[in-house]
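2 protein chains.
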Amino acid sequence: MTDKIQRGTHSLADPAGHTANDDALKEVCVASATVHRGKFLTLKQDIVRLPDGKQTGREYIVHPGAVMMIPLFDDGTVLMERQFRYPVGEVMLEFPAGKLDPQEGAQRCGERELQEETGYTARRWDYLTRIHPVISYSTEFIDIFLARDLTHGEAQLDDGEFLETFITPVGQVIDWVRSGRISDVKTIIGAFWLEKVISGAWQPGEQALPR
Amino acid sequence: MTDKIQRGTHSLADPAGHTANDDALKEVCVASATVHRGKFLTLKQDIVRLPDGKQTGREYIVHPGAVMMIPLFDDGTVLMERQFRYPVGEVMLEFPAGKLDPQEGAQRCGERELQEETGYTARRWDYLTRIHPVISYSTEFIDIFLARDLTHGEAQLDDGEFLETFITPVGQVIDWVRSGRISDVKTIIGAFWLEKVISGAWQPGEQALPR
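Protein chains in written order, with my numbering: chain A, 1 to 211; chain B, 1 to 211.
Treat the hints with care, since some could be wrong.
Put simply, identical chains are the same to the list, so a pair is met inside one copy or across any two.
As the list claims (entries may be wrong) - Keeping only pairs whose Cα atoms sit at most 30 Å apart, straight-line, the calculated DSS-like set for lysine-lysine is:
1. K39 <-> K99
2. K54 <-> K99
3. K26 <-> K54
4. K99 <-> K44
5. K39 <-> K54
If you're looking for bench data, these hints aren't it; they were derived computationally from the structure.
Make the full structure from the sequences, and use the hints.
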């Protein structure tokens, strides 16, 4: 164990623990300002104090958080979406997902988004994990659920929302990750988790949904 | 195969193919403006034409792209970093990564960042895959490499850059993904890929580095 800033490489006794060593890395907010408030994105510019006492700027997007669900049918197929994503200029293959509304719980958000985007409802929801897609410039997190016991109904896409849904075997999804055809991080992680759960190596519900 | 906008669920003959169906999803740029140019982040606001001919706005961050490397030692351990990430307010466990400099190739970027952040150089580089962390509001991509035949040297952290490095077995990394202690998407995906490569199920070099 050491408390100096690392310039070589060592083996920490517990690198995953939240230990005193964190103080040698932490940045503290000195001042915070909103520099842009768009229709979808809010951009902040903070001044932070670094571990050595110096100050620097940090720019980041404020995001409400999101939920992704992996809709798994009893026959080992999953429900996916094709959606054009303007910033990357491609039709992406994705599991359904959506942003949290204010005060909305994660599972409720998942139920709402799944129903709106695909028409499906799921009777069985299992929380898997929380991921952070953009740790250097966004507060975003995505809570991932496995959604089973699916029943089909009518989708209610928002005005101006265009997407297609399709059903495909889990093995195909894994193969699209291997080939690079799936490059959306939440969907890649969902595919790997799904493989772990289906093989029995990992169990849903091992992690608790953060408050 | 169908070319109508989907409001039910169907099985596309080839949902992963770039087919005529994409035209029912594509958005076309009508106008583009930079609304904020910060020290690190550039924010754009575009007007796009939707598949139904209507127009709407799209806000997104312009990002140069990044590279992540998985530094794997011969004994089955990997080199990782602990770094405080201000937007999420936590010390994260990560594989080394960094942003592309202008006109810099991906592997050259990886070599530079690995050396600067950790002091290590790798003689063997294998490209694995490209991921998109933020498809709804950033152009960012991350190219992932496996870095082997490692030699230790002196790190050269940028002024104001604070991080610790440590070495841990691959099995431990996978376990931190399972428990949620690792929540950074690029590192999660690196861990899953590493498990596939080490088991022999997937081979490095199956994908070609995009131009």
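Hint check:
1. K39 <-> K99: Cα proximity of K39 and K99: in one copy and across copies (14 Å, 28 Å).
2. K54 <-> K99: between (36 Å within a copy, 23 Å between copies)
3. K26 <-> K54: within (12 Å within a copy, 47 Å between copies)
4. K99 <-> K44: both (19 Å within a copy, 21 Å between copies)
5. K39 <-> K54: between (34 Å within a copy, 18 Å between copies)
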